[in-house]
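Undergrad: Sequence:
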Amino acid sequence: MSFKKKKRYRKRRARGVQVVFREFQKDKLALASLFFLIVIIAFVFIASLFIDQESLMRINLYDRYSAPGEKYLLGADQGGKDILGQLIIGARNSILIAFAITVITGFIGIVVGLICGYFGGWVDNLIMRFIDFFVTIPSLMLIIVFVTLVPKYTVMSFILIMSAFLWTGTARLVRSKALSESRRDYVSASKTLGTSDFVIIRREVAPNLSSLLIVELTLNFAGNVGIETGLSYLGFGLPPSTPSLGTLVSYANNPLVLQEYWWVWLPASLFILFMMLAINYIGQALRRSADVKQRLG
Numbered sequence: 074m075s076f077k078k079k080k081r082y083r084k085r086r087a088r089g090v091q092v093v094f095r096e097f098q099k100d101k102l103a104l105a106s107l108f109f110l111i112v113i114i115a116f117v118f119i120a121s122l123f124i125d126q127e128s129l130m131r132i133n134l135y136d137r138y139s140a141p142g143e144k145y146l147l148g149a150d151q152g153g154k155d156i157l158g159q160l161i162i163g164a165r166n167s168i169l170i171a172f173a174i175t176v177i178t179g180f181i182g183i184v185v186g187l188i189c190g191y192f193g194g195w196v197d198n199l200i201m202r203f204i205d206f207f208v209t210i211p212s213l214m215l216i217i218v219f220v221t222l223v224p225k226y227t228v229m230s231f232i233l234i235m236s237a238f239l240w241t242g243t244a245r246l247v248r249s250k251a252l253s254e255s256r257r258d259y260v261s262a263s264k265t266l267g268t269s270d271f272v273i274i275r276r277e278v279a280p281n282l283s284s285l286l287i288v289e290l291t292l293n294f295a296g297n298v299g300i301e302t303g304l305s306y307l308g309f310g311l312p313p314s315t316p317s318l319g320t321l322v323s324y325a326n327n328p329l330v331l332q333e334y335w336w337v338w339l340p341a342s343l344f345i346l347f348m349m350l351a352i353n354y355i356g357q358a359l360r361r362s363a364d365v366k367q368r369l370g
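Under my numbering, the final residue of the sequence shown carries the number 370; numbering is consecutive throughout.
Just to be clear, a hint being listed does not mean it is correct.
In silico SDA-like cross-links for lysine to any residue, where the CA-CA straight-line distance does not exceed 25 Å [to be verified]:
#	residue 1	residue 2
1	Lys250	Glu277
2	Lys99	Arg360
3	Lys225	Gly308
4	Lys225	Ser236
Pair by pair, the computed Cβ-Cβ distance ranges are [unchecked claim]:
#	residue 1	residue 2	range
5	Pro328	Ala237	31 to 41 Å
6	Asn133	Asp205	48 to 58 Å
7	Gln98	Phe123	32 to 42 Å
8	Leu102	Ile124	28 to 38 Å
9	Val112	Val196	41 to 51 Å
10	Pro313	Phe347	18 to 28 Å
11	Phe192	Gln151	48 to 58 Å
12	Pro312	Val176	19 to 29 Å
13	Pro312	Asn281	34 to 44 Å
14	Met349	Arg202	33 to 43 Å
15	Asn326	Trp195	48 to 58 Å
16	Val184	Ile114	22 to 32 Å
17	Leu222	Ser314	12 to 22 Å
Honestly, the hints are just simulated from the structure, not real lab data.
Quantities reported herein were computed from a predicted structural model and do not represent experimental measurements.
Positions of the beta carbon are idealized from the N, C-alpha and C atoms, including for glycine.
Model the full assembly from the supplied sequences, consistent with the hints where possible.
TA: This is the structure we're talking about:
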């Protein structure tokens, strides 16, 4: 890439950052959501360093359903385990798992989508028929089946199983955008100059999809948190010995716990609600930043 091209690319990237910054300045709710999300994630990860998961999950029937403030700040569950500790470790696990799944599925989806959109032809047809087959399969049901069948089930196996079925949406989105980008004049000019396909995809096509990818990956992160907590709620998520937000919420299935011991399930439910709302508002601001017609700033 020539010096002039690099300079133009840096200016374009700087303008993109300024657009996002102005959008958050105009949308106070999105800015507050971003601040809330940063603070809560920082608190969860710092606080989790001071919690021993093994001792946290040890059953103590003497503290069974202890009310908030008696021994623990947010009370205890039916096994006498600290709700606040489980909430912190469960939130950390959910965030790490969702982040790992988002990175893995994002990488696979972006690579596959760029290849399909750039090369087109039989490569696109072959891969897209495979993706279409994946889309028609009820992925959540297959995830549950694999989780049930996998021996010595761990957090890593859960991440890999979910990632294997959740990359197709990103691939289809990237492919549709890459199809139009690969037909533009700057791509044709680069091919005429003898630039390799890999360099064109990496340096020219992919950067023009960056705004779209940021929005997509942000919303995918929120969706992956929801899927993980939902599967844990149903009993097909994290192993029983690993704290999870979905497991805490599932205690509300017991009518007695739902009515009498609200502190067991309510904190996790509120945490999920506020975190999903914050990510959603942030995603909306990023989406407006990528669309000139919808921008506030």
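Undergrad: Look at each hint and say if it fits the structure.
TA: Cross-check of the supplied hints:
1. Lys250 with Glu277: holds, 13 Å
2. Lys99 with Arg360: holds, 14 Å
3. Lys225 with Gly308: Measuring from Cα to Cα gives roughly 16 Å; hence the hint holds.
4. Lys225 with Ser236: holds, 18 Å
5. Pro328 with Ala237: 31 to 41 Å: Because 37 Å falls inside the window, the suggested range holds.
6. Asn133 with Asp205: 48 to 58 Å: With a Cβ separation near 52 Å, Asn133 and Asp205 satisfy 48 to 58 Å, so the hint holds.
7. Gln98 with Phe123: 32 to 42 Å: holds, 36 Å
8. Leu102 with Ile124: 28 to 38 Å: holds, 32 Å
9. Val112 with Val196: 41 to 51 Å: The hinted range 41 to 51 Å holds for Val112 and Val196, with Cβ atoms some 46 Å apart.
10. Pro313 with Phe347: 18 to 28 Å: holds, 26 Å
11. Phe192 with Gln151: 48 to 58 Å: Between Phe192 and Gln151, where Cβ atoms are some 57 Å apart, the hint holds.
12. Pro312 with Val176: 19 to 29 Å: holds, 22 Å
13. Pro312 with Asn281: 34 to 44 Å: The hinted range 34 to 44 Å holds for Pro312 and Asn281, with Cβ atoms some 42 Å apart.
14. Met349 with Arg202: 33 to 43 Å: holds, 34 Å
15. Asn326 with Trp195: 48 to 58 Å: The hinted range 48 to 58 Å holds for Asn326 and Trp195, with Cβ atoms some 51 Å apart.
16. Val184 with Ile114: 22 to 32 Å: Given range 22 to 32 Å: holds, Cβ gap about 28 Å.
17. Leu222 with Ser314: 12 to 22 Å: At roughly 19 Å between Cβ atoms, Ser314 and Leu222 fall inside 12 to 22 Å, so the hint holds.
In this structure, none of the earlier numbered hints is contradicted; all agree with it.
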